[in-house]
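Next come the chains, spelled out residue by residue.
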Amino acid sequence: AQSVTQLGSHVSVSEGALVLLRCNYSSSVPPYLFWYVQYPNQGLQLLLKYTTGATLVKGINGFEAEFKKSETSFHLTKPSAHMSDAAEYFCAVSESTGGFKTIFGAGTRLFVKA
Amino acid sequence: SAVISQKPSRDICQRGTSLTIQCQVDSQVTMMFWYRQQPGQSLTLIATANQGSEATYESGFVIDKFPISRPNLTFSTLTVSNMSPEDSSIYLCSVGTGGPTGELFFGEGSRLTVL
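From first to last, the protein sequence lines stand for chains A and B. Counted from 1, the first sequence has number 243 at position 7 by our numbering; the numbering is strictly sequential. Counted from 1, the second sequence has number 114 at position 100 by our numbering; the numbering is strictly sequential.
Honestly, the hints are just simulated from the structure, not real lab data. Careful: at least some of the hints might be erroneous.
[Claimed, not checked] Taking CB as the label site, the calculated pair distances span:
#	chain 1	residue 1	chain 2	residue 2	range
1	B	Ser23	A	Ser264	37 to 45 Å
2	A	Ser250	B	Ser67	47 to 55 Å
3	B	Gly66	A	Ser262	27 to 35 Å
4	A	Ala253	B	Thr34	41 to 49 Å
[Stated by the list, open to error] Lysine to aspartate or glutamate pairs mimicking EDC-like chemistry, simulated, CA-CA at most 16 Å apart:
#	chain 1	residue 1	chain 2	residue 2
5	A	Lys294	B	Glu117
6	A	Lys285	A	Glu251
7	B	Lys79	B	Asp101
8	B	Lys79	B	Glu100
9	A	Lys304	A	Asp321
10	A	Lys285	B	Glu100
[As the list claims (entries may be wrong)] A few chain B residues that face chain A, going by a derived Cβ cut-off under 7 Å, partial list only:
#	residue
11	Val43
12	Met45
13	Ser56
Since the model is a prediction, treat every value here as computed from it, not as a measurement. Note that beta-carbon positions come from the ideal geometry of N, C-alpha and C, so glycine has one too.
Please model the complete structure; the sequences and the hints are all you need to start from.
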């Protein structure tokens, strides 16, 4: 079975600083990888995803992530943090099971300091 | 895309009672999922609900505790039975429209508190 590990349950950055949220996965087959964001009292929404092709994927709100097979990683970055980026971020992996299902990491809460 | 409405958005329930959560989608979808998000934690998949077949439950979740109905391609219900305080969570309905490579769409969740 596939799994996802997010390093760091809380990350704090200053406004304008680089955001780096770490995600490692385990999979015996090529993975489908996702980053979702959850703002307070809201459901999750997709930031970006990797399925095939280019390993550097760009998402909404200036976020991007790079799939590194050799490191089994899919870290999320943003060059310059904004106060509005404060939220919970979830890395996820999808697997086919006849149908399919998506497994989520534990989440990383991002704090942005003024 | 898909827009998902869940009811109730929140509820406070007594121990030993049951609550049914409804999930309505604005389009026909094959795959529907129910997740639980306990306070401060990640999402845990409870079950996959496909129209016309029995729900498929994940390890640790059983039908007697979390019965699911999926009468058509736009609606599903999840019942939390014989509730205890440990069932206090946010329950999220989700749909997938693009298979394993596609995005999941989520409702805003049903926040359940069991006293």
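Self-check item: Status of the given 41 to 49 Å range, CB of Thr34 (chain B) versus CB of Ala253 (chain A)
Solution: holds (46 Å)
Quiz prompt | Pair hint Lys285 (chain A) and Glu100 (chain B), alpha-carbon separation not exceeding 16 Å | solution = Violated - the C-alpha atoms of Glu100 (chain B) and Lys285 (chain A) are around 33 Å apart, more than 16 Å.
Exercise. Could you tell me whether the CB distance from Ser250 (chain A) to Ser67 (chain B) stays inside 47 to 55 Å?
Key: holds (51 Å)
Quiz item: Range hint 27 to 35 Å: satisfied by the CB atoms of Gly66 (chain B) and Ser262 (chain A)?
Solution: holds (33 Å)
Quiz item: Given the hint that Lys304 (chain A) pairs with Asp321 (chain A), does the C-alpha gap stay at or below 16 Å?
Solution: This hinted pair is violated, its Cα atoms lying about 24 Å apart.
Quiz item: Holds or violated: are the alpha carbons of Lys294 (chain A) and Glu117 (chain B) at most 16 Å from each other?
Solution: holds (15 Å)
Self-check item: Satisfaction of the hinted span 37 to 45 Å by the C-beta atoms belonging to Ser23 (chain B) and Ser264 (chain A)
Solution: Since the Cβ atoms of Ser23 (chain B) and Ser264 (chain A) sit about 39 Å apart, the hinted range of 37 to 45 Å holds.
Quiz item: Holds or violated: is there a CB of chain A closer than 7 Å to the CB of Ser56 (chain B)?
Solution: holds (5 Å)
Quiz item: Straight-line Cα separation of Lys285 (chain A) and Glu251 (chain A) no greater than 16 Å?
Solution: Violated, because 25 Å separates the two Cα atoms, which is more than 16 Å.
Quiz item: Given Val43 (chain B) as an interface hint, is the shortest Cβ-Cβ distance to chain A below 7 Å?
Solution: Check failed: Cβ of Val43 (chain B) comes no nearer than 12 Å to chain A, outside 7 Å.
Quiz item: Are the Cα atoms of Lys79 (chain B) and Glu100 (chain B) separated by 16 Å or less?
Solution: holds (13 Å)
Quiz item: When you check the alpha-carbon spacing of Lys79 (chain B) and Asp101 (chain B), does it fall within 16 Å?
Solution: holds (10 Å)
Violation of the numbered hints given earlier is confined to hints 6, 9, 10 and 11; the remaining hints are satisfied by the structure.
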